[in-house]
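**Student:** Sequence:
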Amino acid sequence: MISPVNRFYLPCDDEEADRMVILHFCIKYGFNGNIVAPVIQSLRVKPNQNDEYSARVLDVGCGPGTWILEMASEFPFTEFHGIDIRTMFPTTIKPSNAKFTQHDFLQSTLPYEDNSFEFVRMRLMLVFITESQFFHLLSEIRRVLKPDGYFEILDCEYQIHRPGILCEKILNRQLPQSLHNKLGTIEHMPSHHVSTALTLHGGFVNVHQRRIHIPVGWGGQLGEVHAQNLMSYLLSIRPDIKQYLSMLNGSDINIDELLMEAVKECTVRQSHVYWFACYGQKPAVNNLIPTILNTPMATTPTVAAANMLTPTSSPNSSCINLEKSTDISSIVATTATTTSTCWDSIYDFVDGYVD
42 MISPVNRFYL PCDDEEADRM VILHFCIKYG FNGNIVAPVI QSLRVKPNQN DEYSARVLDV
102 GCGPGTWILE MASEFPFTEF HGIDIRTMFP TTIKPSNAKF TQHDFLQSTL PYEDNSFEFV
162 RMRLMLVFIT ESQFFHLLSE IRRVLKPDGY FEILDCEYQI HRPGILCEKI LNRQLPQSLH
222 NKLGTIEHMP SHHVSTALTL HGGFVNVHQR RIHIPVGWGG QLGEVHAQNL MSYLLSIRPD
282 IKQYLSMLNG SDINIDELLM EAVKECTVRQ SHVYWFACYG QKPAVNNLIP TILNTPMATT
342 PTVAAANMLT PTSSPNSSCI NLEKSTDISS IVATTATTTS TCWDSIYDFV DGYVD
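Numbered according to this note's numbering, the sequence shown spans residues 42 to 396.
Since the hints were derived computationally from the structure, they do not count as laboratory data. Nothing here was measured: the structure is a model prediction, and the numbers come from that model. Some hints here could point you the wrong way.
[Unchecked claim] Heads up, simulated DSS-like pairs for lysine-lysine below, C-alpha to C-alpha not over 27 Å straight-line:
# : residue 1 : residue 2
1 : Lys-210   : Lys-140
2 : Lys-210   : Lys-187
3 : Lys-223   : Lys-210
4 : Lys-87    : Lys-210
5 : Lys-223   : Lys-140
6 : Lys-87    : Lys-187
[Claimed, not checked] Using C-beta positions, here's what the derived DEER-type ranges look like:
#  : residue 1 : residue 2 : range
7  : Gln-218   : Phe-176   : 19 to 27 Å
8  : Ile-206   : Pro-117   : 19 to 27 Å
9  : Glu-265   : Ser-157   : 37 to 45 Å
10 : Glu-298   : Ser-137   : 46 to 54 Å
11 : Met-301   : Lys-223   : 17 to 25 Å
12 : Glu-154   : Ile-206   : 28 to 36 Å
13 : Lys-87    : Glu-154   : 34 to 42 Å
14 : Gly-261   : Gly-225   : 15 to 23 Å
15 : Val-309   : Pro-88    : 53 to 61 Å
16 : Thr-150   : Leu-289   : 36 to 44 Å
17 : His-234   : Ser-277   : 21 to 29 Å
18 : Pro-117   : Asp-155   : 22 to 30 Å
19 : Gln-284   : Val-86    : 51 to 59 Å
Here a beta-carbon is modelled for each residue, glycine too, at the ideal position from N, C-alpha and C.
Using the sequences and the hints given, assemble the complete structure.
**Tutor:** Here it is, written out as structure tokens:
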């Protein structure tokens, strides 16, 4: 069994926290909000006279806690809990309705009572866990969710689409294989497999999915920042994983230079990465886990995130409306003027939550 210390192949330091903060805002920009599941109205409800909060939300694998901090500030009537195996989240400067817990939920259960939360979300965890750990988490998340509560998983498919020769070899094949061979992590899980897992292994109903593609190194500032973030991710990978990659490509190869060249190919080839959000609902009545896929799955067309509206501080800024169709052509003309404001607000937010 992989020990808790060796399970992670990325560092736990300020640079990694900064990378994850920027990635948070890239994802928010791409999905035009912080939440895809239809829970936003329940987070705004005022609590009863005898209750401090009207709803509770859990972020599994919260990292530096950026999502928790932002949501807790926007929804003061809801209590937000972030949990992670490593302590990267803030310990002092945070809203009063934001709580953080360090706990190894992969080796044990989630430290919460049954039926505790109206909404649970998990983001960017698939590349760190094994298949059995994923199914364990689905079971635990279902347990702590209240009946009719929603679970949302947001991640990417960890494959570069329209890759160059080097990108296909190193990033699409050798790196996932190396992580799987060394750590036993999930090698590749397309978005539709996640949706199926929510139904078959999680017992969730009303499963929906939204899928977007974000450019790598092209398509404006979002694509440029996305590529920079990918580069930082690759250069931060544990030395033993890089050594394994070096063995596959020749011992005299500088693997960091090879990784950088692979990312540069993405700009030339106009490559992109698919990001997805899948959400499902815990049944009102505790039913048996289904053995066949009998839940209708609503999907929306894949869109280019570079052409989507910049998130704003409007009342609906944290939730994207899946029912509303978007005229991409009308958005393109306004994107250039809103992008700089978006990134200025990102840097202001980061500076405002320095622990």
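**Student:** Please write out, lowest number first, the hints stated earlier that are contradicted by the structure.
**Tutor:** Failing hints, ascending: 1, 2, 4, 5, 8, 12, 13, 14.
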